[in-house]
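For the record, the sequence lines run as chains G and D.
My numbering puts the first residue of the first sequence at 1, with every later residue one more than the last.
My numbering puts the first residue of the second sequence at 1001, with every later residue one more than the last.
Derived by calculation from the structure, the hints in this document are not laboratory data.
These numbers come from a predicted model, not from an experiment.
Note that CB positions come from ideal geometry on N, CA and C, so glycine has one too.
Keep in mind that the hints are not guaranteed to be accurate.
In silico DMTMM-like cross-links for lysine to aspartate or glutamate, where the CA-CA straight-line distance does not exceed 25 Å [said to hold, decoys possible]:
| no. | chain 1 | residue 1 | chain 2 | residue 2 |
| --- | --- | --- | --- | --- |
| 1 | G | 416 | D | 1011 |
| 2 | G | 327 | D | 1011 |
| 3 | G | 509 | G | 558 |
| 4 | D | 1141 | G | 106 |
| 5 | G | 616 | D | 1162 |
| 6 | D | 1141 | G | 325 |
| 7 | D | 1049 | G | 325 |
Simulated DEER-style distance windows between Cβ atoms [stated by the list, open to error]:
| no. | chain 1 | residue 1 | chain 2 | residue 2 | range |
| --- | --- | --- | --- | --- | --- |
| 8 | G | 612 | D | 1111 | 27 to 33 Å |
| 9 | D | 1033 | G | 117 | 45 to 51 Å |
| 10 | G | 616 | D | 1157 | 35 to 41 Å |
| 11 | D | 1114 | G | 414 | 40 to 46 Å |
| 12 | G | 450 | D | 1011 | 55 to 61 Å |
| 13 | G | 612 | D | 1070 | 30 to 36 Å |
| 14 | D | 1100 | G | 465 | 29 to 35 Å |
| 15 | G | 489 | D | 1011 | 39 to 45 Å |
| 16 | G | 135 | D | 1143 | 46 to 52 Å |
| 17 | D | 1143 | G | 414 | 34 to 40 Å |
Here is what each chain is made of, one letter per residue.
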Amino acid sequence: MSVLTRKSFHILQRRAKAALAQSRNGITVLVCAGTGCIANGSMKVYEYLKEACEKKGIEVAVELKQEIGPDGIHLKKSGCHGFCEIGPLVSIEPMDVLYTHVHVEDCDEIIEKTILGGEVIDRLLYHKDGKPYQRRDDIPFYKNQYRVVLKNSGKSDAEDLMEYLANDGYSALEDCLFEMTDKEICQTITDSGLRGRGGGGFPAGRKWHSVRRNVADQKYVVCNGDEGDPGAFMDQGVMEGNPHSVIEGMLIAGVATGATEGYIYVRAEYPLAVTRLRIAIQKAEDAGLLGDNIMGSGFNFHMHINRGAGAFVCGEGSALTASIEGKRGMPRVKPPRTVDQGLWASPTVLNNVETFANVPQIILNGADWYRAIGPGNSPGTKTFALSGNVVNTGLVEVPMGTTLRKVIYDIGGGIKDGKKFKAVQIGGPSGGCLTEEHLDLPLDFDSLKKVGAMIGSGGLVVMDEDTCMVEVARFFMNFTQKESCGKCVPCREGTRRMLEILNRIIENKGSEEDLDLLEELSNTISEASLCGLGQSACKPVRSTLKYFRNEYLAHVRDKYCPHCNGKKKVLQISAEKCKGCGKCRKQCPMEAITGEPRKTHVINSEICIKCGACVKACPFGAIGEE
Amino acid sequence: MPNIYSLERVEEIIDSIGHERKHLIACMQDIQAEYKYLSPEALELIAKKLNISIATVYSVATFYENFSLEAKGKYIVKVCDGTACHVRKSQPILERLHDYLGLQGKQKTSKDGMFTLETVACLGACSLAPALTVNDVVHAKMTPDSAVALLEDLRRQDSEGEEAQA
């Protein structure tokens, strides 16, 4: 392996740019290879397209550097487009066509008509309100987004280093290595106003400055890719779709702080992200962009990947570093902070995937450019994972400060099946619920904090009118209770007790005092817990208690919830099956069942609380929901 | 897929990763990837090779959700119960599969050793909710019926495969 000098880096990059320009003269077919599209069968489409083209004598290049004749095509596996709902997605350039729901059966037609004939197949286009959309960026889902981190996602091959280089990849690193001092880099990040995308919103520049100022033999850069929030998959999209941007961001953090070892901690549930990162690291090492004496600057940096092992708490900084060290992933008391004593008690830059992915763009375009996006106190963009009962689910990137309404209605297309919006859960188990009155709230760190929610990592789960909010709170409490590491008592015991109370309420066996008890426990747990997991564990309960108290009251007072217990469903006794044994009558706590021995019994639905005791009691299976 | 533990193979795996404390989790992950669970002998060998106490090894193995100290079925079915899947009704799928496999209480693996049923917090396939994985392959937009049909298919394929071998 030859050593990469600054000059040979320029040559490499020029060659990559020339190859990309060359490929643009011909046709490029991009098949989406994100987790969503693969699950929908996009790899079968890829293989079929490749074979079918070759059978027809069309030359196919699968890598940018492969040279092909003027009639050949480039076939690429792209990163996630973000609109997984309509996948598998295939886009064809230079016509700029996006085909949706593409299956193997459609491939021959695509080759004949579009690739060879230059004709657009209307039936495969995205349709909304009867109108077809040919270009991806015209579709309302994309039109209303502003993409920085996801800019190249879906447009380039995530596994091809040449593509990243052709899009100015590693130029920011070059600037940092040769044109800027470590202090200047940290200052640029500070000036840009970049705040940690993992949820905390801590200014990244300040973190870097602290690590830079610390004197130590060894410093580390750690990337938190342990995206454990249920309903969040933004970091997955970035790691799969643009792994080099994360690596470059980490390298720059290394240059800026004097760290020479990098660790990426990825959730075990993201096998594809691990694979893509491994490939990216390997290719960067082979090219001389990672390793010793990078570009002849004398700077060394080595990168490692750690796979998580299924502990949500490892998303917390000190638990994550403990896990990398091979220990139980349990948080510790802070201070000392990670910037002073992080991984192996050395000064450590610990940032989220998306934070690092922003860094190369900030260096290339300058702090002012970044600051101009979004509001003053939280500049930049934010990726959100939009899911739940919304028409368009997928990965979304918008400037900070965009309103919820815009995200849910303009991009998300509104609520599924024409139902009414009820709430959106933001920030996962550590966040809160926002309701209709918050729809015009700008999404940024500070506005959300004011209403008791948080951006978190960026999961947005939309809930329609049929969702029981007590059940939602119970769902999150069940999650945090299971994931509590058990180190501190308030979290370990408190979440368990809260879950018990919530279960009781859901089963319509709770009392009004239980609501006070929930509030009291919430206060204690949030104040006394050791780490962020415990401190924020009660947020879903608190915010649902605040905004949806009625639903709690329906459970504890009326012992009936129209969402959980079914809107119109009532328990009925089948006249054919009932033998009139009377067992159900004796079991009914409400005395809602009447009937004479050996004659068909009847349930009075006005009194019945649908506890199900009669269903269990009936030896003939005569009682069921109607 | 080998199901009978070979300690030589386990040793090979450990040697390929490294013998430092920081390699503990990676060792267990790779061993489990091959055998689907961690046997007491394997854990003892890890402790010996990494020069840490067996108690430490167990403390880490039992802390992380992904490690299993019990043998698992041939197909590991993980039903996603992340928020997005949950609000799109993943629970009925789980209940139906639980019944279909005849699992009692906390039992996870079916009697014939064919299926292990688990839940997972989020697969990151929220747009395809509700989702489940069978041996890490994602199946999108499931219903209780389609989930049972999927398992029946696997069972059929499996018995056909065995017949072909015989």
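Okay, the hints, checked on the actual structure:
Straight-line distance between C-alpha atoms of residue 416(G) and residue 1011(D) comes to about 53 Å, which puts the hinted pair past the 25 Å bound. Distance check on the hinted pair: residue 327(G) and residue 1011(D) sit about 21 Å apart at the alpha-carbon level, within 25 Å; holds. For the proposed pair residue 509(G) and residue 558(G), the alpha carbon gap of about 10 Å is at most 25 Å, so the pair holds. Taking the CA atoms of residue 1141(D) and residue 106(G), the gap is about 21 Å. The hint holds against a cut of 25 Å.
With a C-alpha separation of about 41 Å, the suggested pairing of residue 616(G) with residue 1162(D) is violated against the 25 Å cut-off. Of the supplied pair hints, the one linking residue 1141(D) and residue 325(G) is violated, its CA atoms being roughly 38 Å apart against a limit of 25 Å. Distance restraint check for residue 1049(D) and residue 325(G): the Cα-Cα separation of roughly 17 Å lies within the 25 Å cut-off, and the hinted pair is therefore satisfied. In this structure, residue 612(G) and residue 1111(D) meet the distance hint of 27 to 33 Å, their C-beta atoms being roughly 28 Å apart.
As the Cβ distance of residue 1033(D) to residue 117(G) is approximately 47 Å, the hint placing it in 45 to 51 Å holds. Between residue 616(G) and residue 1157(D) the beta carbon distance is about 38 Å. The supplied range of 35 to 41 Å therefore holds. Checked against the hint of 40 to 46 Å, the C-beta distance between residue 1114(D) and residue 414(G) comes to roughly 43 Å, which is consistent with it. Between residue 450(G) and residue 1011(D), the C-beta spacing of about 57 Å keeps the proposed range 55 to 61 Å intact.
One distance hint, 30 to 36 Å for the beta-carbon pair residue 612(G) and residue 1070(D), holds here, with the actual separation near 33 Å. Hint check: residue 1100(D) to residue 465(G), Cβ distance near 32 Å, so the stated range 29 to 35 Å holds. Taking 39 to 45 Å as the suggested C-beta distance range, the pair residue 489(G) and residue 1011(D) conforms, at roughly 41 Å. The hinted range of 46 to 52 Å is not satisfied by residue 135(G) and residue 1143(D), whose Cβ atoms lie roughly 34 Å apart.
For the pair residue 1143(D) and residue 414(G), the beta carbons lie near 24 Å from each other, so the given range of 34 to 40 Å is not met.
Checked against the numbered hints above, the structure violates hints 1, 5, 6, 16, 17; every other hint is satisfied.
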